[in-house]
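Peer 1: Using the sequences provided together with the hints, build the complete structure.
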Amino acid sequence: METRNLICIGCPLGCPVTVTIDGDDINVTGNTCPRGADYAKKEVLSPTRIVTSSIRVNNGVIARVSVKTKSDIPKSKIFDVMKEIQAVRADAPVALGQVLIKDCAGTGVEIIATKSVNRL
Amino acid sequence: MTHHDIVIIGGGPAGLSAAAAARKAGIQDILILERDGVLGGILNQCIHNGFGLHTFKEELTGPEYASRYIAMVEEEKIPYKLNTIVVDINRGREVTYINKEEGLVTIQAGAVILAMGCRERPRGALNTPGYRPAGIYSAGTAQRLMNIEGYCVGKEVVILGSGDIGLIMARRMTLEGAKVKVVAELMPYSGGLKRNIVQCLDDYGIPLKLSHTIINIEGKERLTGITLAEVDANRNPIPGTEEHYSCDTLLLSVGLIPENELSKGAGVSMNRVTSGPNVDDCLETEAEGIYACGNVLHVHDLVDFVSQEAALAGENAATYVKEGKKKENAHKVPLLAENGVRYTVPQVLNVDTMKDSVTVRFRVADVYKDRYIAIYYDDKLISRKKKKVLAPGEMEQVVLKKSSFEGYPEIKQIKICTEVE
Chain A
904 METRNLICIG CPLGCPVTVT IDGDDINVTG NTCPRGADYA KKEVLSPTRI VTSSIRVNNG
964 VIARVSVKTK SDIPKSKIFD VMKEIQAVRA DAPVALGQVL IKDCAGTGVE IIATKSVNRL
Chain B
151 MTHHDIVIIG GGPAGLSAAA AARKAGIQDI LILERDGVLG GILNQCIHNG FGLHTFKEEL
211 TGPEYASRYI AMVEEEKIPY KLNTIVVDIN RGREVTYINK EEGLVTIQAG AVILAMGCRE
271 RPRGALNTPG YRPAGIYSAG TAQRLMNIEG YCVGKEVVIL GSGDIGLIMA RRMTLEGAKV
331 KVVAELMPYS GGLKRNIVQC LDDYGIPLKL SHTIINIEGK ERLTGITLAE VDANRNPIPG
391 TEEHYSCDTL LLSVGLIPEN ELSKGAGVSM NRVTSGPNVD DCLETEAEGI YACGNVLHVH
451 DLVDFVSQEA ALAGENAATY VKEGKKKENA HKVPLLAENG VRYTVPQVLN VDTMKDSVTV
511 RFRVADVYKD RYIAIYYDDK LISRKKKKVL APGEMEQVVL KKSSFEGYPE IKQIKICTEV
571 E
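These protein sequence lines are chains A and B, in that order. To get the numbering used here, take the position in the first sequence, counting from 1, and add 903. To get the numbering used here, take the position in the second sequence, counting from 1, and add 150.
Among the hints, erroneous ones may be present.
[Stated by the list, open to error] Covered stretches of chain A (chain B as the covering partner; in silico rule of three or more C-beta atoms under 8 Å from a C-beta of chain B):
1. 956-966
2. 978-986
[To be verified] Below, computed lysine-lysine pairings styled on BS3-like, alpha-carbon distance capped at 25 Å:
3. B/K538 with A/K944
4. B/K344 with A/K944
5. B/K207 with A/K945
6. B/K331 with A/K986
7. A/K978 with B/K207
8. B/K536 with B/K519
9. A/K986 with B/K305
10. B/K535 with B/K565
11. B/K537 with B/K551
12. B/K530 with B/K562
13. A/K980 with B/K329
14. B/K331 with B/K359
15. A/K980 with A/K945
16. A/K980 with B/K331
17. A/K973 with B/K207
18. A/K986 with A/K973
19. A/K978 with B/K344
20. B/K344 with A/K945
21. A/K986 with B/K329
If you are wondering where the hints come from, they were derived from the structure by calculation, not from laboratory data. No residue lacks a Cβ here, since even glycine has one placed at the ideal position from N, Cα and C.
Peer 2: Structure follows, in structure tokens:
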């Protein structure tokens, strides 16, 4: 049996939760809402994260457009995703929500702009 | 002199939300004055996610959260002036601003909403010994340089202070290929949100050293290294605990200070703990018709609460414009923060005119486990609620109901405090 102490990041409360893993049996205690249990199970089985960064913009009023993965990606893929984000350039104008990378680092997840950047 | 019903100083999250709420309350003549070239304030550089869980029930990045409020202001066609800096506000609500197109202009406001936000505590406030080389930034400055202007700020990084911006920048710089060697915090607890410690430090194996501070800064042209030492209970460095770190960049995330030069100029009374104005339950300062909200009032952890608070200021300013001055000799009850509660916002409650419920926000002085938050009307205990954990880095709140004051017509004070068992 394995025990892991986590802090739930489902909301800003940050509840301390304890997960006990006994084969296929996963038990979560300390959570104050159902999201806490979901988070803790996911965190021990297949942790994922939203990655936010920025992409260089050609001819934009500002030098970079902020971006994010449209949904969460496996935690182990964070640096692969970053590598692709760093290699890409966008051309202004960029619209909020515009897809800048279609399938980032084989995750099947899009990279989208989180702000709009006008042309200089 | 041109007159506007409501003039809002600042077009960040607080100013935008206040404007939207004032319009919803029926005020047509609103003007937002913003010193930057775009609306949105600090959210524009906060490109990480985690904003809006309370307001929109989804997790947004800073620019996305800002865009929702900017859209509200644009749809409502609320006028704003960019690249416009306010240089003076007086008690008569004359607002003087300056910009390239109009020069120096003074306008008369029916009501003023202060929404100027806060700024970072600088190195000069820390008395850290050593040289003054390049490579030392406040965390927010580094954030702007990296996320908006597109500069690589540094390669080997030490961060002093565990405020949220410092934690966010630890992750951001790691993702951009920098090596963040350590985050040092003077206090025995972190000043940031727990989720940021998990997602920004633990995820990347960045050590957080509590009860540590920097005792020397080296490098003449560019920073070359720092010396870290553990501190005792009185926050004095302990000899023999020194550790040297080579680094080219030092980020400071050592606190935020509400930016209140204009408020002071208007002569409003200031609170020594929050460094913001004292306000009543309408978020009105003690200068008539001047309201305050957001980080200029007290520093928040979550923008959602800034938006909520600012909406309340917007509504109340609208009511003031429509109905005029509150009645004289109203029943004003001071809120006292005691025994582990550092301050409350608001600081004064108008019992007769208060809304059905008033949210009182506060911070505690230290990390407490299994303590109660108690509310007293004069000497009578009104409510007592147990909290598993209380921390200075996480703002708390209690709600006072108007109905709870029935039976206390002569109430002189409200006390909010922590209690052990």
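Peer 1: Against the structure, test the hints numbered earlier, and report the numbers of the ones violated in rising order.
Peer 2: none
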